Amino acid sequence: GESVGLHLPTLSVQEGDNSIINCAYSNSASDYFIWYKQESGKGPQFIIDIRSNMDKRQGQRVTVLLNKTVKHLSLQIAATQPGDSAVYFCAESPNTGTASKLTFGTGTRLQVTL
Amino acid sequence: GAVVSQHPSWVICKSGTSVKIECRSLDFQATTMFWYRQFPKQSLMLMATSNEGSKATYEQGVEKDKFLINHASLTLSTLTVTSAHPEDSSFYICSAGQARGGSYEQYFGPGTRLTVT
Chain C
40 GESVGLHLPT
50 LSVQEGDNSI
60 INCAYSNSAS
70 DYFIWYKQES
80 GKGPQFIIDI
90 RSNMDKRQGQ
100 RVTVLLNKTV
110 KHLSLQIAAT
120 QPGDSAVYFC
130 AESPNTGTAS
140 KLTFGTGTRL
150 QVTL
Chain E
497 GAVVSQHPSW
507 VICKSGTSVK
517 IECRSLDFQA
527 TTMFWYRQFP
537 KQSLMLMATS
547 NEGSKATYEQ
557 GVEKDKFLIN
567 HASLTLSTLT
577 VTSAHPEDSS
587 FYICSAGQAR
597 GGSYEQYFGP
607 GTRLTVT
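From first to last, the protein sequence lines stand for chains C and E. In this text, residue positions in the first sequence follow our numbering: the first is 40, and each later residue adds one. In this text, residue positions in the second sequence follow our numbering: the first is 497, and each later residue adds one.
Source of the hints: derived by calculation from the structure; they are not laboratory data. Keep in mind it's a predicted model, so treat the numbers as computed, not measured. Don't take each hint at face value.
Cut-off 30 Å, straight-line C-alpha distance, at most; resulting in silico cross-link-like pairs (DSS-like, lysine-lysine) [stated by the list, open to error]:
{"no.": "1", "chain 1": "E", "residue 1": "K562", "chain 2": "C", "residue 2": "K81"}
{"no.": "2", "chain 1": "C", "residue 1": "K81", "chain 2": "E", "residue 2": "K516"}
{"no.": "3", "chain 1": "C", "residue 1": "K81", "chain 2": "E", "residue 2": "K560"}
{"no.": "4", "chain 1": "E", "residue 1": "K560", "chain 2": "C", "residue 2": "K107"}
{"no.": "5", "chain 1": "E", "residue 1": "K510", "chain 2": "C", "residue 2": "K95"}
Stretch by stretch, here's where chain E covers chain C in the computed footprint (C-beta under 8 Å, at least three residues) [as the list claims (entries may be wrong)]:
{"no.": "6", "stretch": "82–89"}
{"no.": "7", "stretch": "139–153"}
Only part of the chain E face toward chain C is listed, based on derived beta-carbon distances under 10 Å [claimed, not checked]:
{"no.": "8", "residue": "E518"}
{"no.": "9", "residue": "T553"}
{"no.": "10", "residue": "V558"}
{"no.": "11", "residue": "Y600"}
{"no.": "12", "residue": "P606"}
{"no.": "13", "residue": "R609"}
Beta carbons are placed, not taken as given, at the ideal position from N, Cα and C, and that holds for glycine.
Bound conformation, chain E alone (with noise of 0.2 Å):
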């Protein structure tokens, strides 16, 4: 159980362009779910927090306007790059959360490759 998937694993993309990154609760319900970046050999970075049914919380420095989240369902949250550049090329993660006997616990999407061009 506890499973979180991302769409797509990895995608190429102009610069310019928008990309959207999905992330999936598969077996359980999130209200809340986390985007993080990690750019190579570093942590990661949290983005912002996506809460079903309402607005994202972004953390200082991330662009709210260029950084697109929604969480329309318990399930399912979005991550849309809009007019993307070569210096959002970075790995993307999501992750869920629920709590269970008094904690927590997160898990974690298998990450999204964005490279842009």
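This is chain C alone, in the form it adopts within the complex (with noise of 0.2 Å):
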């Protein structure tokens, strides 16, 4: 079946590093697509959006990257800081607009080191 997957498990950057998290997902309908950051023992955590029609878009120190041809998403992080140590996940949906059940990734644990 249709899937999201991530290429790394876990990610150790330095404070004041800029992070970047892969995601690779499968279905090529989908619409919509989230970033979630999720720390231990608590729910995930939106971070930020992007639709299809669109290939990038920015929020306050991330950046998602939505690359269609290949199927590829990416958050990238800025001036990483040790309060960004989580998992996280990129979540997939067939629809903007409506409530769609979401697909999440594997996840990657980022580990950010002093």
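Relying on the hints, combine the two individually framed chains into one complex.
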């Protein structure tokens, strides 16, 4: 079936450096993509989203890039801070404006070293 | 705004008993809520879609008679794990969403840690 996956299970980054977390998806019909941050023992926290008609979207210290040609999604975190340490999941949905279930990727653990 | 709560945050029960987990949207109404299960160091797996006033839609492989879902109001959905067994021990997370600016944003609850002994 369709799935969303990640290339790297663990990413170690020095404080102050930029982080890049990647995600590959296989459902070409996906219309909406979201990045979530999950800290230990907590629910996922929304970071940023992007629709399929866009290839880049920026937030505060975060940027999401979407390459539909190769079905690739990435999350860039600028000036990574210790508080950014968590597991990051990409998620995919077939629809943007309606209540649709999300398919989550396998997750990448980001470790920020001092 | 857009806060989703869960109760309890953790629960320990004996094998064979049933446990009810509540999911509430605190400051908005949600006709649809979702229930996920997450095992340690794994991703979130959708269990079912909870629809207010109608039956839940279960994902393939999820037993509807074991995981009972009731979405009685626009702010509350409950998941009851019946006849719990140790393999049901997991982190259960709900989400609720609302349409906003042409998008549908899902907000997740803090999760409920279930341990079956």
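Results of checking the hints against the structure:
1. K562(E) - K81(C): Distance ~25 Å between K562(E) and K81(C) Cα, so the pair holds.
2. K81(C) - K516(E): Holds, at roughly 19 Å.
3. K81(C) - K560(E): With Cα atoms ~26 Å apart, K81(C) and K560(E) stay inside 30 Å; holds.
4. K560(E) - K107(C): 36 Å, violated
5. K510(E) - K95(C): 49 Å, violated
6. 82–89: As far as the stretch 82–89 of chain C goes, the hint holds, because 5 residues have Cβ atoms under 8 Å from chain E.
7. 139–153: holds (count 8)
8. E518: 14 Å, violated
9. T553: At 9 Å from the nearest chain C Cβ, T553(E) passes the 10 Å test, so the hint holds.
10. V558: 12 Å, violated
11. Y600: This hint holds: Y600(E) lies near chain C, its Cβ roughly 6 Å from the closest one there, short of 10 Å.
12. P606: With a closest approach of 5 Å, the P606(E) hint holds.
13. R609: 7 Å, holds
This entry does not satisfy hints 4, 5, 8 and 10, going by the numbered hints stated previously.
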